Structures are given as C-alpha cells and as structure tokens.
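A.B. asks: Residues per chain are reported as follows:
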Amino acid sequence: MTLKVMSGNYAQSYAACLARVQVISAYPITPQTSIVEKLADLVASGELPAQFVKVESEHSAMQVCVSASALGARTYTATSSQGLLLMHELLHWAAGMRAPVVMGVVNRSVAPPWSLGADHADTMSQRDTGWIQFYAESNQEVLDTVLQAYRLAEDPAIRLPAMVSEDAFYLSHTLEPVEVPDQSLVDSFLPARDARAVLVPGVAARLGSFTGPQQYVEFRREVAKAMERVPEALRQIEKDYQSLTGRFHGGPVEYYRAGDAEAVLVTMGTMTTTARTVVDEMRAEGHRVGLAKLRLFRPFPATEIRELARRTDRIGVVDRSFTFGAAGAAATEVAAALYSGPHHPVLSNFIVGIGGREVTPNHIHAMFDRLLAGKGPEVQWMDLPLPPEEVAHG
Amino acid sequence: MGATLEIRFHGRGGQGAVVASELLAQAAFLDGKMPQSFPFFGVERRGAPVTAYTRIDDHPIGIRTSITTPDIVVVLESSLLRTQPVTDGLREDGLLLVNTRNPAEELMIPVPVRRAVVDANQIAVAHGLGSPTMPIVNTAVLGALVGASGVVSLKALDQAIDEFVPARRAENRAAAEDGYHAVHVVEANTPFTPPVPQAVGPTLSLPEGPVATLSSELIHTSAWRTLRPVIHLEKCTRCNFCWKFCPDDAFTFDEKGYPVVRAEYCKGCGICAVECPPRVIEMVEEA
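First to last, the sequence lines map onto chains A and B.
FYI, the working numbering numbers position 104 of the first sequence as 99, with every residue one higher than the one before it.
In the working numbering, each number is its position in the second sequence, counted from 1, plus 230.
Do not take every clue at face value.
To be verified - Below, computed lysine-lysine pairings styled on PhoX-like, alpha-carbon distance capped at 25 Å: (1) A/Lys220 to A/Lys234; (2) B/Lys385 to B/Lys263; (3) A/Lys(-1) to B/Lys385; (4) A/Lys(-1) to B/Lys263; (5) B/Lys486 to B/Lys474; (6) B/Lys465 to B/Lys486.
Hint data in this document are derived by calculation from the structure and do not stem from the laboratory.
Since the model is a prediction, treat every value here as computed from it, not as a measurement.
Put together the whole structure using the sequences plus the hints.
C.D. replies: Next up, the structure:
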C-alpha cells in the first residue's frame, strides 16, 4: 500500500491498470480527460500490457469495448458530458449483450450553453440503459470503486456494465492523498475474468442478433433480474475489499450521523464532503442532522431509503441535475421508493450545484434549516437570485 | 476552516498556475501534511486568466469548494492586478505575493496586507524556462512563496519539482532556489478594512431565452493579452493582411485606409506581426 497525491482522473487510470485491463478504447479529443491520456502512457511504457484502441468517436469506443468484452477481454474506457451522450446507443448494447465493461465518467454539464462544470445531467441521462452506476465522493473512493466495479460487473450472476462517476474539477482535477493498493493485493481481490461464458473464435454463436417478441421479453427480464442482484453482491464485494484494505465506503448507501437524525440530506458525489463538515458543526450546536450518500444510483437502493425513512421524519434530496418536466432524478427515485414503504417522511428536493456552481457550507446549512423548519416546497432551486424560485413538481 | 491554510493562485494559461498549485500540494504532502489542490478554468487557451487553489492541513480536508477567503494569494503576472479581483476575500493577516519587477511598496492593490514581490520572469528567462515573451514562472514563484511564507519547506519543494515536473527539472529547481532568495517582503503597515468575500452566485443578469441578445462586440477579450501590436505606419503599405489574418476582429481602418488596432479585442497573439509583408508590426510587452 502506497500513499500518493493524485487526481481523481489518475485514480481512475491507476485503478484500471491495477485491474489489469486488457483492452482500452477511447476517443482522445474533447471532452476526453487525462484518464485515458495516463492509460495511454502506461500502455506505451509497457507498464500496462494492454491494447489501446484509438477510435474516431465515443460511440466507436464503446463498440470496441463491447466487442472485446464479448471475446472475454477485461475492458475500460472513459468519457464525459457530450461524449457520454454520443455513446448512448452503445450503452444499451453493452448492457443487453451482458458485456461487463467498466467506464470512468467525469460528470460534466451538458450543452447548450457550452460549459464544463460538475453536473450529473450526463450520467442521469443514461440511468435507463442497464448500466450499474456509482457516484464517488473522493479520489480514494474512485480508485476503490473501479476495482469493486470489475468484481461486480463480471460476477457470473450479474454480467452488466458499470460506470464510476466523479464530479468534474472537484475530483477530476483535484489532487489529494490516495492509498494505492499493491498489485498482489488487487490480484487476490480481482482474479482474471472468467472467460467461459463468452464468444470463442471458431465456434458458431450469436450475440445481440434479431429476436422476436417470443424471446425479447425474457432477455430484458434477465437484465432486470441481474440488476436486482447487485446490492447484495456489492455488500459481499465490499466486505472482501475491506478485509484486504481496511477501507469501507458504505455499500449502496453510506450513512453519516443519520442514526438518530431529525433531518437527513440525501447527497451524491463531492457535495457530501462539504456536507459532512456542516453536519459536524450543526451537531455541535445541538441539531440532530445527518447524511445518506447515494453511492449506487443504479440499481437504486430503495431498501436502504425505506430503512432511512423508518428512522427520520424529514428527508431532503440534493440533486446536481434536473429532469425537465419532473424533479431531480434522485428525488423522484426516493419518492418512488418510499411510496410503497410504511414510512412517509416530509420530502424536499433541492436542486444545487448545476453546471459547476459551487455547493458551499452555506447551501448545506440552508437546506438543513429548511428541513428542520418543517414542510417546504416540494422542489426548490437553490442559489438563484432572490426571491428563491419554487417549481411545482411535474 | 480554522487550521486549514488556503492559498489561491492567479495566473494565465501557459504560465503554470495549475502546476504550481499541484506542486505545492505535493510538497506539503512530502512535509507530512494532507493537501488538496484543484484549478478552475474555462476551455483551455494560452493567456486566459486561470485560478487554482491549494489547501494544506494536518487532517484530511473537509470541504470541496473554491477558496473565497484565502490566507495567501499568489499572482503569477502583475497585469492581473488590474483585470482580476485577485485580493477578494484575502485575510487581514494574509499575504499577497506578486510576480513583478516593481517594488512591493508600489503594488496597486486595495488592501494593505503583508505583501511580497519577486521578478520571476527574469529568473525563469535566466534558466531558459519558457520564452522571454511567455516565461514559465511557476517554479520561481513557488520558491518565492516558500521564502516569504514558509508554507512548505524548501527541501520538500525541491523534491516535488524533481519528482513531478515533466521537463527541465534542474532548471526548475534552480529557479525555485533563486525565487526563494530573491523574494522581497514588506509588512502590512496601514489600517485594514477586511474586504467582503465575493458572493457565490451569478452577478450577470440572467438570460430570458436561448438567444443571446447582446453582441459579442461587448465582450472584451483583451484581458488575455501580454503583448500588444504597434504598427509603424510610415512603412505600412495598406495591404490589409493584418486585418485579414487577425483571428478576432481586432483591426479597423482610419479614413486613409491605415490599420488601427482595436485594443479591447486584441489578445496579443502576434499573428499580424508574422503575416505583415513589410514586417512593420512590432509586438511590445504590456507595461
């Protein structure tokens, strides 16, 4: 184990390297990041014996990963914002063909207008593609999650692709200390991919070809069932990882001082770090507040959210994107999870941090104050010029 | 934030402000601290203003925002003092370090904090870092920062440069050493009113629709400029090549057809000077 100061992007690169990826494919131009630049260096220097396939678009990059994965290779790619949107069609292919591709995504705003700040609109737009989605809070969590994502994606009972998302700038370009596990430790956690269930050259077989309604439903149902197995598999994988590294990121949802909290904010990604500090400050002043960090967004951890609702009466969901015509994506999911559960706390949705706008301690304070004061508007956009704008749900 | 030391860098794309913030973080780590650093910039372009941040603490940093009330502000190019609000939020007991050849007493800043100056351009050029018109000053400035503040040890900075600077390591280490010795500090000497931190949030009026109703003529992009073209009109042939090759729209003409530079749009790229057939355009350093 070595402690190194590195960016979130390099945490992705080194994790892919430690996972001994065999095929990396990427479109190397904007909005590409230093993730694949570093991997290209590692391949060129011989440190990583993998094939790096440069292609003309993100769409093709995902096609290369899906095809290589179908032949049994462990594959990796990375992208961001518009690049992820261009990949959209192939994301469905990866999931439907049960290709356990792992992809790093730098969460950036979607144009127009052109912008490049942290924003979850790019990955939220892909939530229905059948990919497992992780959102990381720190560079350490990025590195650890990429390794865990391979174990999860390649689990024979799951076999689904997984994306590990990190906020632009607040992780992608942020340098901070990261513990890098030794290769031997990673090898014992993540063995080589089991290639039995994939295409074999010279043996006739088909993958993803035409299917009538007689079988299409069954194929889709298989994907749905695989998704349902993810939370339990992740818990086991994290246990194994913890026993090797001592680090634990909370499984599908990480709670922070939420056990006896009157008000809990449901957060994602880097806003959580700032929110932890605010929780500590408010706790010191006698306010019972806490956090529930959505580490996993697909599958959505509904069980954990219902459990949270059993213990707390006020839940605020913080979304770093907005689904036009509805509400924040996480808030919609939380509401849906709670409807069929026995506990129905007051629910508020805060829209904040879009397009890289900062999520400051003041914002977090304001959200807790609002929650503790009682029922507020269903959806509230924070940080707009006064007076605060309130948006009806739907 | 209490014990967290917060440092904000202001520079221009190409000067190495981002790398400076990263090297400082690496040096702090070598000193046994827990650093965090990150930049804010738009689309990459040489000469555009860039801001970068470094936090240093004994414990992991518990905040992920930009720095609005810095302990130290480092300015890699003095013309930014005119165009960027570099001293916004700077703490009363803070330090302002500027790369300039002028004395610290003559810095035009709105706050009477402790301040330090270093002629990092001269140091960088002496060590062959960058070009005389676009020197890469980050390591010289970092040396000066260590000399003025002791925020990290010179040994750690030297080691960080040796380990993480991609090229010309010996020259960069020497530049840091020179900056360390050359920095000149003057103490805060007049009463101080703490500046109000810059509000987070939009200061522009918000658009009401998808179409920008203002002309881009109103966007003055000359803040990027470090050089400006001077036309020796007595030898100008009025061929209009300067106007034709200007990637912006920074040339207009007087009534006799001679070119006139529209300074508010000129970014100082120097393409006109290269393309001018009689070579009568000279690029001179901004004062």
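A.B. asks: Determine for every hint whether it applies to the structure shown.
C.D. replies: Structure-based check of each hint:
{"no.": "1", "hint": "A/Lys220 to A/Lys234", "verdict": "holds, 23 Å"}
{"no.": "2", "hint": "B/Lys385 to B/Lys263", "verdict": "holds, 14 Å"}
{"no.": "3", "hint": "A/Lys(-1) to B/Lys385", "verdict": "holds, 18 Å"}
{"no.": "4", "hint": "A/Lys(-1) to B/Lys263", "verdict": "holds, 12 Å"}
{"no.": "5", "hint": "B/Lys486 to B/Lys474", "verdict": "holds, 18 Å"}
{"no.": "6", "hint": "B/Lys465 to B/Lys486", "verdict": "holds, 14 Å"}
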